[in-house]
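Q: Sequence:
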Amino acid sequence: MADPIPDNDIDENSEQNEAGTQAQDVAESARTRTTDLSEESEHGGHGNPAQIIPDDVPDLVDTMNAMNRSGQIDMDAYAGEPAMDDEDGAESSED
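The opening position of the sequence shown corresponds to residue 1 in the working numbering, with each subsequent residue numbered one higher.
You can trust all of the hints, since none of them are fake.
Here are the computed distance ranges between Cβ atoms for each label pair:
| hint | residue 1 | residue 2 | range |
| --- | --- | --- | --- |
| 1 | 15 | 67 | 58 to 64 Å |
| 2 | 67 | 22 | 48 to 54 Å |
| 3 | 75 | 23 | 51 to 57 Å |
No lab work stands behind these hints: they were computed from the structure. We put the beta carbon where it would ideally sit given N, CA and C, even for glycine.
Use the sequences and the hints to build the structure in full.
A: Here is the structure:
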């Protein structure tokens, strides 16, 4: 009796096709990513009413760049604090 030859022409089952879903496939995709994800972020743009802090509020980098351009130091962080300057005329003189 002859050994039966397995039928290799079986249709592929799409539910068993796991290409691209395995951990090694995802890891390989992450390693070979050529686009920088930070390029997708937008500064400003349309407001989202659910956001706590809107995108158009200047962040630390924007504030630092503005101070560098203007030459003025932003002292808003010290608002309400006493100014204890050592310069003459900064405080009232008591005689």
